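Q: Each chain, written out:
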Amino acid sequence: DGGITQSPKYLFRKEGQNVTLSCEQNLNHDAMYWYRQDPGQGLRLIYYSQIVNDFQKGDIAEGYSVSREKKESFPLTVTSAQKNPTAFYLCASSIDSPSNQPQHFGDGTRLSIL
Amino acid sequence: QKEVEQNSGPLSVPEGAIASLNCTYSDRVSQSFFWYRQYSGKSPELIMSIYSNGDKEDGRFTAQLNKASQYVSLLIRDSQPSDSATYLCAVLYSSASKIIFGSGTRLSIRP
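Residue numbers (my numbering), protein chains in the order written: chain A, 125 to 238; chain B, 1128 to 1238.
Keep in mind the hints are simulated off the structure, nothing from the lab. In this text the structure is predicted, and so the values were computed from the model without any measurement. Heads up, the beta-carbon is just placed ideally off N, CA and C, and yes, glycines get one too. Heads up, some of the hints might be wrong.
Partial selection, computed: residues in chain B whose CB lies under 8 angstroms from chain A [claimed, not checked]:
#, residue
1, ASN1134
2, SER1159
3, PHE1161
4, SER1170
5, LEU1173
6, TYR1178
7, LEU1219
8, SER1224
9, ILE1226
10, PHE1228
11, GLY1229
12, GLY1231
A few chain B positions that, by computed beta-carbon distances, are all more than 10 angstroms from chain A [said to hold, decoys possible]:
#, residue
13, GLU1142
14, PRO1171
15, ARG1187
16, GLN1191
17, ARG1204
Generate coordinates for the entire structure from the input sequences, incorporating the hints supplied.
A: Here it is as structure tokens:
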């Protein structure tokens, strides 16, 4: 079945450590996105990519980095510069961007500080 | 003014009644609007997309769009306990070429 796979489901980060969240899609979508969701809050855009080898900062990119070497993959690295990383991280994709087609989400990764 | 605004709730509705969820947005040229349902601890799932003024029905769900008033709503008929969730409104901001999400309305269906 086509879909978006995020891993791991739960992740713990030690202080000063970089961690990478995986996002893979087999929907043949051009556009991919990373969001952060804090408890009781909406989704805030971290980074997005409209095409392979290209990506743009979202509203809260500081302390995060991404790469888009393959159409199917859009990993997110939470660096040690992100001082408050505890949140629910959601990866999404859409056919293209900007798009009037909806975004579809993976199951998310819950990141906590040890 | 927030770009996409929703009442955070909780909105409590008796089982079998109609739940009405509202969303306003600030971008006058937005053309695409989406409603997502998010259960606690889960990722959002798409319920409805709407692009034209008026109503769009899908089963128990009806999305209503009024571009002149910059207002989009979601009606849930015959509400069931399984409808208890947070509902996120999302708007494609043409000026910024990105989708903006509201903070969501928490809906609780009481038996």
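Q: State for each hint whether it applies.
A: Structure-based check of each hint:
1. Among the interface hints, the one on ASN1134(B) is violated; its C-beta lies about 13 angstroms from the nearest C-beta in chain A, farther than the 8 angstroms criterion.
2. Below 8 angstroms, beta-carbon pairs count as interface contacts, and SER1159(B) has one with chain A at about 4 angstroms; its hint therefore holds.
3. The closest approach between the C-beta of PHE1161(B) and any C-beta of chain A is roughly 5 angstroms, which is under the 8 angstroms cut-off, so the hint is satisfied.
4. This hint holds: SER1170(B) has a C-beta 4 angstroms from the nearest C-beta of chain A, less than the 8 angstroms allowed.
5. Given the 8 angstroms rule on beta carbons, the hint for LEU1173(B) holds: about 5 angstroms separates it from the nearest Cβ of chain A.
6. The restraint placing TYR1178(B) at the interface with chain A holds, with a minimum CB-CB distance near 6 angstroms, inside the 8 angstroms limit.
7. A hinted interface residue such as LEU1219(B) counts as satisfied when its beta carbon comes closer than 8 angstroms to some beta carbon of chain A; here the least separation is about 6 angstroms, so the hint holds.
8. At about 4 angstroms, the closest approach between the beta carbon of SER1224(B) and any beta carbon in chain A falls short of 8 angstroms, and the interface hint on this residue holds.
9. Among the interface hints, the one on ILE1226(B) holds; its C-beta lies about 6 angstroms from the nearest C-beta in chain A, closer than the 8 angstroms criterion.
10. Against a cut-off of 8 angstroms between C-beta atoms, the interface hint on PHE1228(B) holds, since the closest Cβ of chain A lies about 4 angstroms away.
11. Given hint, GLY1229(B) at the interface with chain A, holds; its Cβ is 6 angstroms from that chain's nearest Cβ, closer than 8 angstroms.
12. Nearest Cβ of chain A to the Cβ of GLY1231(B): about 6 angstroms, under the 8 angstroms cut. The hint holds.
13. For GLU1142(B), the shortest C-beta to C-beta distance to chain A comes to about 25 angstroms, beyond the 10 angstroms cut-off, and the non-interface label holds.
14. At roughly 5 angstroms, the least C-beta separation between PRO1171(B) and chain A is not larger than 10 angstroms, which violates its mark as non-interface.
15. Under the 10 angstroms C-beta cut-off, the non-interface status given to ARG1187(B) relative to chain A holds; the minimum distance is some 19 angstroms.
16. Every CB of chain A is more than 10 angstroms from the CB of GLN1191(B) (nearest about 18 angstroms), matching its label as outside the interface.
17. No beta-carbon of chain A is positioned within 10 angstroms of the beta-carbon of ARG1204(B); the least distance is around 22 angstroms.
Of the numbered hints listed earlier, those contradicted by the structure are 1, 14.
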